[in-house]
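Asker: Top to bottom, those sequences are chains W and Z. All residue numbers for the first sequence refer to my numbering, where the first residue is 577 and numbers rise by one. All residue numbers for the second sequence refer to my numbering, where the first residue is 511 and numbers rise by one.
Don't read these hints as lab results, they were simulated from the structure. Treat the hints with care, since some could be wrong.
Examples of chain W residues toward chain Z, derived with CB under 8 Å [unchecked claim]: (1) Pro603; (2) Ser604; (3) Val606; (4) Trp607; (5) Val609; (6) Pro610; (7) Val614; (8) Gly712; (9) Ser718; (10) Val978; (11) Ala979.
Quick reminder that beta carbons are idealized off the backbone N, C-alpha and C, glycines included.
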Amino acid sequence: MSDQAPDDTRAGAMEPRIEGAGERRWPSPVWLVPLLAVLAALGLLIQNLATRGPLITIELATASGLVAGETQVRYRDVGVGRVEDLRFSPDLGTVLAEVRMSRDVAPFLDESARFWVVKPQVSAQGITGLETVLTGSYIQGSWDTEPGTVQSRFVAEETPPMTPDGTPGLRLLLRAVDGGSLEVGSPIFFKRVEVGRVESKRLTEDGSAVEFEVFINAPNDKRVTAATRFWNASGVDLQLGADGARLKIASLASLLRGGASFDTVGTGEDTAVEPGRIFPLYPSESEARENVIAGDLENQVTLQILFGGSVRGLKPGASVEYRGIRIGRVSEVRAAVDPQNGRFRTRTIIQISPALLGFAGEEPGEPETLRFLRQAVESGLRAKLAMGNLLTGSLFVDLADVADAPPATLDESGETPTLPAVASDLDELTGSVEGVLDRVDALPIEALVGNAVALLDNLNRLAGSEDTQAIPGQARGVLSAAEALVAGPELKQVTTDAQALVAALRGMAEDPGLATAPEKLGGLLTSLASIVEELERADSAGSLARSLSALEALTADPAFARLPASADATLAALTAMLDNPALSQLPGEINTTLAELRSTLTLPGVAELPGDLRAALASLQTRLDDPGLAQATAELGPLLAEARRSLETLSGNLDPTLVSLREILDDPGTRAAPAALTESLQAAQALLADPGLKTATAEAGPTLAALRTLLDAPGTQAAPEELAATLRAAKDLLVSLEREGAARNLSQTLAAARRLIDDPALLRASSSLAQTMDALSAVLAAPGAEELPAATTQALRAASALIDQFQRENLGGAAAGAMSGIADASRAVERSVSGVPALLQRLNEVSARADALLASLSVGSELNYEAITAIREIRDAARAVSDLADLVQQKPNSIILGK
Amino acid sequence: MSGQVLTARAAGQVACTRCGAVWAPRLTSCPRCHARLASRPVHGLGPVWAWWVAGLLLYIPANIWPMLVTRTLGREEASTILGGVVELANHGSWGIAAIVFIASIAIPVSKFAAIGLLALAVRHRVPIRGHGLMVLYEVVEFIGRWSMIDIFVVAILSALVQLGFLASLAPGPAAACFALSVAFTMLAARAFDPRLIWDRIGEDA
Chain W
577 MSDQAPDDTR AGAMEPRIEG AGERRWPSPV WLVPLLAVLA ALGLLIQNLA TRGPLITIEL
637 ATASGLVAGE TQVRYRDVGV GRVEDLRFSP DLGTVLAEVR MSRDVAPFLD ESARFWVVKP
697 QVSAQGITGL ETVLTGSYIQ GSWDTEPGTV QSRFVAEETP PMTPDGTPGL RLLLRAVDGG
757 SLEVGSPIFF KRVEVGRVES KRLTEDGSAV EFEVFINAPN DKRVTAATRF WNASGVDLQL
817 GADGARLKIA SLASLLRGGA SFDTVGTGED TAVEPGRIFP LYPSESEARE NVIAGDLENQ
877 VTLQILFGGS VRGLKPGASV EYRGIRIGRV SEVRAAVDPQ NGRFRTRTII QISPALLGFA
937 GEEPGEPETL RFLRQAVESG LRAKLAMGNL LTGSLFVDLA DVADAPPATL DESGETPTLP
997 AVASDLDELT GSVEGVLDRV DALPIEALVG NAVALLDNLN RLAGSEDTQA IPGQARGVLS
1057 AAEALVAGPE LKQVTTDAQA LVAALRGMAE DPGLATAPEK LGGLLTSLAS IVEELERADS
1117 AGSLARSLSA LEALTADPAF ARLPASADAT LAALTAMLDN PALSQLPGEI NTTLAELRST
1177 LTLPGVAELP GDLRAALASL QTRLDDPGLA QATAELGPLL AEARRSLETL SGNLDPTLVS
1237 LREILDDPGT RAAPAALTES LQAAQALLAD PGLKTATAEA GPTLAALRTL LDAPGTQAAP
1297 EELAATLRAA KDLLVSLERE GAARNLSQTL AAARRLIDDP ALLRASSSLA QTMDALSAVL
1357 AAPGAEELPA ATTQALRAAS ALIDQFQREN LGGAAAGAMS GIADASRAVE RSVSGVPALL
1417 QRLNEVSARA DALLASLSVG SELNYEAITA IREIRDAARA VSDLADLVQQ KPNSIILGK
Chain Z
511 MSGQVLTARA AGQVACTRCG AVWAPRLTSC PRCHARLASR PVHGLGPVWA WWVAGLLLYI
571 PANIWPMLVT RTLGREEAST ILGGVVELAN HGSWGIAAIV FIASIAIPVS KFAAIGLLAL
631 AVRHRVPIRG HGLMVLYEVV EFIGRWSMID IFVVAILSAL VQLGFLASLA PGPAAACFAL
691 SVAFTMLAAR AFDPRLIWDR IGEDA
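Use the sequences and the hints to build the structure in full.
Answerer: In C-alpha cells:
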C-alpha cells in the first residue's frame, strides 16, 4: 500500500488527460484475496483453539506400542484424543502420556474415567486386540455417562476391565475362604448358561477371605435374589460321602478357566438385590445347598446324642435320617466326659429341620418337633450310627424305631435335649467286611497273574517263532506239490493207458482163437491131474509133508526169528530207495511205456498171437500127455526130499545174506539205481516207440509159428523123455551130492556168498552196477540204439531162421531155454508192476492228509470258528468306534460340554 | 535501442495491450478489438503485491501441513514437502529428491523473490539494468506453470495408490494451499505490466 502513493502521484503527473489527476482511488480489489487468506487462517486458528479439548495426563507403567503424535485414545472405538507427548515422571517411576482429548468427552473425564492400553492379548477368554497388531496399540478410555468433576491426571489400568461401562447388569461381590480356581475372567453360570464374568479377584483387607467382583449381565441379573447361592463350579467335583460317590465334571471351558455357578436354593426372599451385595461363595454345589439349613439356623432344633462306641467316620455335615429321609445334619462331633460317672462319651450335636420333618408354616416349629420326638422316643425311637459308605467308611446318624429297646425318654434336662442312642451293629459289620477283604487279599492273585503273564509270554514266543510262522507256508507247499502230482498229466495218462490196455487185453481175450484155449487148458489140467496122481502114487505127498514140516522147523529156527527184523530193515532201505526222487518219475515213464505197449498190442501181428498161443498150448498138451512126463513126475518125489534137506542147510545162511543184501540196498550206488532205471525205461520207451520194434512184433508171429512147428517136431516130442532122463540124472546127482555133503557144500557156498556180499568190493560193485545202468542208459540213448530195433528185427529174423534150423536140426533143448528166458522177463515185469500199488497207496495217504488238512480249514472247524468269532468281535469294536466318531462328528461340542 | 526508447506513452498515445494498435489517449476502449485502453495499469503495482502476498501467505501452510497422507496397513503417515524431500534423499533417490526440491521449493521461492524484485525495481533504484529485468520477467512467466509438478504428482499418486486397507494415498491440506499459492504467484506475474519496465528503461536512458 505504501508503494501505491508514489505510483499514483507519478501516474497522475504524467497522464493528466487519461485519468482524473489527483482523484482518490480505491485500492485494487485483488487485495481482498490475501485479506481473505489471513481471515481464513485466523478463523481456523480460533476454531482450532476453541474446539481443542483439555490436555490430560495418563500415567502408564510402560509406553509399549505408544507413539507420540500418533497413538489415539478411543472411546467405544471412536477416536477422542491423541497422544501428544510421552515423557517420564520426575522420579522416572512412570511414563506420562500427554493426551489432547476431544472437547466432546471432556466433561465426562471425571473419577469414573479409566484408561488402559489395548494390545494383542491371548488368554483363556480368547484373543483380543488383534487389530492392534497392524494398526499399533491405542489407549482405550471408559467412563460413565454422567458428567462429573473433570480431572486431568489419570492412572492407566494394568488390564482392561471385563465389562465396559454402561453395560446393563448387576455387579456383586462374592466372598470365599480361598481363591480356588476362580480367576479373573472366569465365567459365572446359571443352569450351565454363562451369564456373567469374574471381574476382579483380591484379598480382603484383613486377608481372611478372597473377594471376587462379578458382573451378571442383564437380563439374567434378575435371577440373582437374596436366596441365591453361589458356588465354585470349577473343573471336577468328586464326592465320596455317606450317599455314595458322585463325580461332577463341569464344561471343558470351566475346567480351563474356572467358573462359578449360582442358583436360587430354597424358597422365600425372592427379592431383587442391590448392586454390590456380598454373597458367600461355597466350595461346591452340595455345600451350597446344604447350607440352606445352616443358613436357617433359627429354624433348627438342636439335639445331642451320646454314642458309646467309636464315631470314627462321622463328620460334621453328615446326614441325620429318619426312616431313610434326611431330616437334618450333624453339626459337631466332640468328646465329652460324663460328669456323673466319669465315663468317656462322644457327644454328637445334630440339627433337625422341622421343615424337613414336615412341619410347614411360618413359625419355627420347634415345639412341634420336640413334642413329636418325645412321643417317638417313648415308642422306641433311638439314634444309632449307620454305615453310609462302605468304601469311605463314612457314617450317618440313623433315627430308627427299635422294637425291643429299653425304655428311655428324651432327656431335656440339659442345655440341649439328648436323644437316647443304641449300639450300632457297625463294628460287627466292619469286622465281616474286613474278613472278606482279608480273604480277597489272601487270594494268590499275584501268583496267578504271574502265571498268566508267563503263559502269555510263552504263547507269544511260540506264535512269534519263525518255525511256527513257517508252518503255513510249508503246508501250502506240500499241498501244492500233492495237487500238482494228482493233477499232473502223467497220472491221468496212466489211468487212460491202463484202460486202453485193459480194452486191448479184452479184445485179445474175445479173440475167437482164444476161445478154444479153455478147452485146451482143460486138457492140460487133466494131464496135470494125472501127473499129480502119479506123484501121489510115488508118495511125493509124503515127501511134501516132510518138506513142510522141515519148513516149520526152519521157521522155528532162531535165525529165522531174526529174519523179520532184517526184512524190516531191508524194507526200510527199500522205502528209502522208493523215496528217491528219481522214482517219482517212474509213473510218467511207466505211462509212456504202457502207451507204447498198447500201441504194440494193437499191432496186427499181436492179434494173431492168440492163435499161435493156442496152437502152442495144443502142442504143449500133447507133450504133457506124453508117458515120459509121468515118469518124470515120479522122479520128482525123491527130488523134493533132497531139496528139503538142502533147504534146511540153506536157511541157516539166509539171514546173513539178507543183512548183506540190505547193506547193498543201503548203498548209495543202489540208491542211484532207480534213477538209472528211469533212464533205462526212458530208453526202453524210446526203443518201443521205434518203428523197428513194430516190425519186430510183426515178426514175432512167424517166430511163434516157427516155435509151434518146432514143438510139433518129432525131436521135441522126445523132449519129455529126455526131461525125465535129465531129472533122473539130477536125482542121481542130488543123491551123490548128498553122499558127498553137497548140502554142506551149498551152505559153505552160501556163506561164501555172504562173505562175498559183505566184501567191500561188492559194495563197489553195486555202485558199479548203477554206473553200468547209467552206461546202459547212455548206450540206449545213444544214436546207435535207435537202430537197435531194426537190428532186433533182423535178429528175430535170424532167430526165426535159426529156429527153422533148429527144427531141421532137432534142437528142442535150446527152445526150452528160450521159454524160461521169456518167463524170467515176465516175472521181472510183474515185479516192476507190483511197485505201482504201493505208489498209489502213498498217493492215497498224501491225499488223505491233504484232505484232513483241508477239513480242518473248512467251515465249521474249531479253528475256523475261533477266527470267525475273533473277526466278528473286531467288527463290532470297529462299529462302536465308528459310531463314536460319527457322534463326535455330528456334535463336536459334546466332548467339551460333557453332554 | 541503445539509450533511446520511445514508448506510446512518451509519444502521447495509448497502445492497446491486446491487438497492439496505437490510439489517441482519450479513447477508453480500442476501436479495433474493443479491449479496454489504459496507458498504464489503473492500480499500478497494487494487484501484483496483493497476489504476491496472498501466494506467500498460502505458501506457509503449504510447507507446514502435510502434502501427502499415506495409509499403510492402517498406519497413517503424513509427510510435508520438505519432509518428503528429506525422506527421498535418505532413501537414496537423490534425483527425485532434487526434482521435488527444485519444483516445490526452489522455483516457488525464487519466483516470490523475482516478482518482488521486479515490483521493487520499477519504482526504486535497483542495481539491475532494465533489460535484465525484462529477461527476468519472461523467465518468471515461463517457469510459473512448472511449479505445479508437485500437485500433479500428488494427484496422480492418490488416484493410483488406492489399495484399500493395504495402502492408500491421499492429498493433504498442504496440496490445496500449494496449488493456490502457485496460482496466486502466476496471477501476480500476470498482473505485472511489463510496460513499467520500459518506463524504467526510459528513465535509465
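Asker: Run every hint past the structure and note whether it holds.
Answerer: How the hints compare with the structure:
Checking proline 603 of chain W against chain Z: minimum C-beta separation of about 6 Å stays under 8 Å; hint holds. For serine 604 of chain W, the suggested interface contact is upheld, since its CB lies about 4 Å from the closest CB of chain Z, less than 8 Å. Contact between valine 606 of chain W and chain Z, as hinted, is supported at the beta carbon level, the nearest pair being about 4 Å apart and thus within 8 Å. Interface hint status for tryptophan 607 of chain W: upheld, as the beta-carbon distance to the closest one in chain Z is roughly 4 Å, under 8 Å.
Interface hint at valine 609 of chain W: satisfied, since its Cβ lies 4 Å from the closest Cβ of chain Z, which is below the 8 Å cut-off. Contact between proline 610 of chain W and chain Z, as hinted, is supported at the beta carbon level, the nearest pair being about 4 Å apart and thus within 8 Å. Here the hint on valine 614 of chain W is kept, as its CB sits about 6 Å from the closest CB of chain Z, short of 8 Å. Here the hint on glycine 712 of chain W is kept, as its CB sits about 6 Å from the closest CB of chain Z, short of 8 Å.
Hint status for serine 718 of chain W: violated, given a least beta-carbon distance of 22 Å to chain Z, over 8 Å. Nearest Cβ of chain Z to the Cβ of valine 978 of chain W: about 83 Å, over the 8 Å cut. The hint is violated. Hint status for alanine 979 of chain W relative to chain Z: violated, with the closest Cβ pair at about 87 Å, above 8 Å.
Consistency with the previously given hints fails for numbers 9, 10, 11, ordered from lowest to highest.
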